[in-house]
Amino acid sequence: VRPFQQVRARTVDEALEALDRGPGQARIIAGGQDLLFRIKKQLVEPDVLVNVKGVAELDGLAEAADGEANGGRPLVAGSLLTLTQIARDPTLRARYTAVAEAAREVASPQIRNVGTLGGNLCQDVWCWYLQAGFPCWKHGGRVCDLVLGDARYYGSVFLGHRCQANHPSDVAPALVAFDAEAEIASPHGDRRIPLAELLPGQVEVDGVLQSHSLRANELLTRVRLPAPPADTRSTYRKFRVRGSWDFAIAAAAVRLSFDGATCQDARVVLGGVATHPYRAPAAEALLVGERITEELAAAAAAKATEGARPFPTNAYKVDVVRTLVKRAILQLAHGG
Amino acid sequence: MTQAPEYAFVGQRVRPANAVAKGTGAHKYTADINLPGMLWVKVVRSPHARARIRAIHTEEARALPGVAAVLTYQDVPDRLWGANPAATQEGERIFSDQVNFVGEAVAAVAAEDLDVLEEAANRIRVEYEPLPMVLDPEQGARPEAVQLHAYGNVVQGAPGQPSGQNKRGDVARGFAEADVVVERTYRQLSVHGVPHEPRGAVAQWDGQRLTVWQSTQQPFMIRNGLAAVLGLAQDQVRVIATNAGGGFGIKNSPSLEGAIVGLVAMQTGRPAKIWYTREEETLDGHVRPGFVHYVKAGVTRDGRITAVQVRSYGDNGYWGGNTDGATGIAIPRDMCVNVMELYNKIANVDWEVYLVRTNHPRAGAYRARGTGEAIFAIECMMEDLASAIGADPCELRLRHAIRTGDQANILKARGFADTKPVTIVAFPDCLAEGQRAIGWERRNREPGSAAGPIKRGIGMAGAIHVAGSTPSLVAECRLTIDAAGGIRLANGHPDQGSELQTTLKQIVAETLRMPMSAISTINADTDECPFDVGPISSGGAFRTGTAAFRATEAAKARAISLAAEMLDQPEGALAIADGQIWLEATNEPLATLAEVAAFAGGTIVGEGRYVGKDEPVYTYGFAGTFAEVDVDVETGGIDVRRLVCAVDVGRALNPEIVEGQIEGGVAQGFGTAMGEGMHYDPRSGATLNQWFLDLKTPTTKDMPRVEAILIEKGNEGHPFGAKGCSEIPLVGVAPAIRNAVFNATGVHVDEIPMTPDRVLAAIAQEATGANGGRAP
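Heads up: the sequence lines are chains R and G, in that order. Going by our numbering, the first sequence opens with residue 907, and the numbers climb by one from there. Going by our numbering, the second sequence opens with residue 252, and the numbers climb by one from there.
What the hints contain is simulated information worked out from the structure, not anything from laboratory work.
Where chain R lies over chain G, by a calculated footprint (3+ residues, C-beta under 8 Å): (1) 884 to 891; (2) 1006 to 1017.
Among the chain R residues that face chain G by a calculated CB cut under 8 Å, a handful are: (3) Tyr1035; (4) Gln1037; (5) Ala1038; (6) Gly1055; (7) Arg1058; (8) Val1147; (9) Arg1148; (10) Gly1149; (11) Ser1150; (12) Trp1151; (13) Ile1155; (14) Tyr1222; (15) Asp1225; (16) Val1226; (17) Thr1229.
All C-beta atoms, glycine included, are put in the ideal place defined by N, C-alpha and C.
Starting from the given sequences, assemble the full structure and let the hints guide the process.
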């Protein structure tokens, strides 16, 4: 491991100051669950780690001071919240069920106890070609080995930019299903963007191919969750080989808001199959204004994977994710 | 059936001596050994699956302060490496100027600390000239394929000949007699043993003798191999097998780490230590070879199997079995014979095994070597034959199964002149008890007939495996009673997790009629212990246990003889119990064992041996494995709800330990069935899944409770009636689950691991009516 310096930030300003170097020279560390093995494998070689674990402003879960048009108050989650805290929080479990469920499905209990919300959203891809040292787009090369290699677990079925590894986060699709926004601190001031813009798929930022759109001198401080309409139900379904400590082969975060038996609003977001949390508006549109039937759920599920272009080794992911979407919709509409 | 004798210690649930230390982390492994002035050693590995080394530039590494040694093929002895290299074709050296798989060792660096070590390793530059590769065993077996080795690609085969074969009867006539012929192709990936503790070794050289501590199952083989490659006499090398954090067969042969640290220690005069990372363990440990089996079998409508023809192609990697010849000779030879021993009433068999050199990592022994490579094919075939004629799968198996007193054909296949009678076969009991436990009558009459996307089914598989009595294997023990009354059993058997030392103490205690607390053992040290081949082929309690009994009997006889002289009593009047010599007639203690040892001049020593080829009978182990599953036909997910494993253990010397071995074996079999298996990049041959995450070993959330059933009908081949049983629980799990999936869905999933992609592909294939078979 190349020697590096650690800076313990006490405030967001201190963190931003420490981060303000050239691209790739400083990295933020909180739980360290994604970063440390990449350092050990020499995939990243920072000079400075900015430890934000002591920044109190980044912690906690609270209602926002400002209300919204529909009368509800958004919930604001600090990026230092651990995945265990998210999985166990009564408010999240009741109002943002899919988010709490997704957090509970991440990795293993040990990792959830130290892994943070911010780290889970900003983690880079896990792909066995990258880990095995192949010179791919993420590692100095100009090829994605999943394209001609073995994509059964880590390949997207929707075409992405250069690197075709699926986005590994469980929490991100669930947050997108609630129209979450990311609050970002930067030397030029704070800004708030839809989570979908934080996680647009593989994106070049200052010459680095990243899984998120943050610049090297920026910090994800909080995630803001708008208050959902009254009768809102949500769930996260994850499919994998093992019951624990496994990334999703496919996942579905579905949120439906009802007026009586009629679906008033819908979000269908796929995980494990694209280079970003993959929202399927066409599937959502089929559901809105309708009573949910088995046929409608199946149609929406089929719609959700329209445009999928899987590799020969991961075409089964399309079947799997359709089943997850269909079952999630039916579960929310009819229970069970 | 004879009444089982009553024992005071044997058969009791004695807590394993090391259980608490292992659970609390106090146990010492190789990584815990640190010596003053010790160097750290790291291996530089090949990124190419096949390449010639044009040059290695080591100057920059050698120039780094703190670097003590750099070794390349130019610095290692020009001697063959392996436990018995002369007996194999491999011709492996510690390093050479050609690499043959991604991850093969190219050079080693020794340095003062880990930071310098890593930097030095990074500074070694190797110029490679890539060469054409063989990555597919079936293609590699063809004559027109690139030939990787002086002896060709097919291991141990003369040109055009298979690596191993089993022919009996006349299959052409058998197929002519068949009413139904089933042809299917069964596949299994190569699979790694994934011991929790990766390989490691520490070496110390005192100018005359080399001491090596190593995580290994076979300290005596390591000693012999080290002596040969380093140019030392065997008595100049001492190997101490540290308690292995898991071996599972893949630590049963000399891997390079001990030789590398030995060489560093001898060249620098300083102790040296190496400890593989998980990636290195995966790349340069070894795997069970993956196979494709083309099976064609005939059966009559009334349930007589008339012919079985199999062609198997296996992935040997380049270096078989870490150069001990385990794969090169034993795997193909045993796999086509062993499994057909279970069904020795099938008259016509024609099985050829081609184990093929490729540019993948080493293949070799893995828990249940010789059975695990083949049984998936045969146990799936039995299910498919039964379903083809509407027969009960258990009844079809029993009709063709081996019986007590049959001759063991395996011995002839292994080159021994005579066969021997097989001791008790409790296979029918295994199936009966398993059927009762799982509720066999609940299985679907019509496979796949259940409504809905989630379908439940029940399936089973039979199993046979060696139970310790392999003719070529030897164990020796020495029991010493000292003049202070101490009793110590020396045995060369390392602990890889089966806690044999506890079982051995039970045997000694039973034989001497002494409390276990009076007995100690020393083990796995080539200086202090007599020879033992180690924990391979299910032989711990069987071979070493027999030798321990015989050593104790010998010491007892010697003590009685000495006591008779000392006390002036006839030998026949004396007995030993509780550390005393008793006059049987009056039940009166006459002297302590300590006094007799003092009379003898200090110690009473008894030696005992188990020599497989000299034993009059042959012992096989048997098992019946039963699975109940829910299959989600829309996702390809399989939820294994129950696993019942009924094992013919002869007699459980310590049921606590035996159940632990069954639970562990079933879990490992579950892994091979459900997710484990090596993924090699189809273009480069590189291993893609090198980490715990991607090796997909099962977790507690995946495993159902293992329902272990001990069938205890005794065994005349062992002094206490035991059969070795640490391997057999593994092998039936994958076919039992596969057959349960068939019972649930009516779909043949013919490849393990049965991951969702394979299950969905099988469902889609059957929907289009495609057949997985091919005429061999």
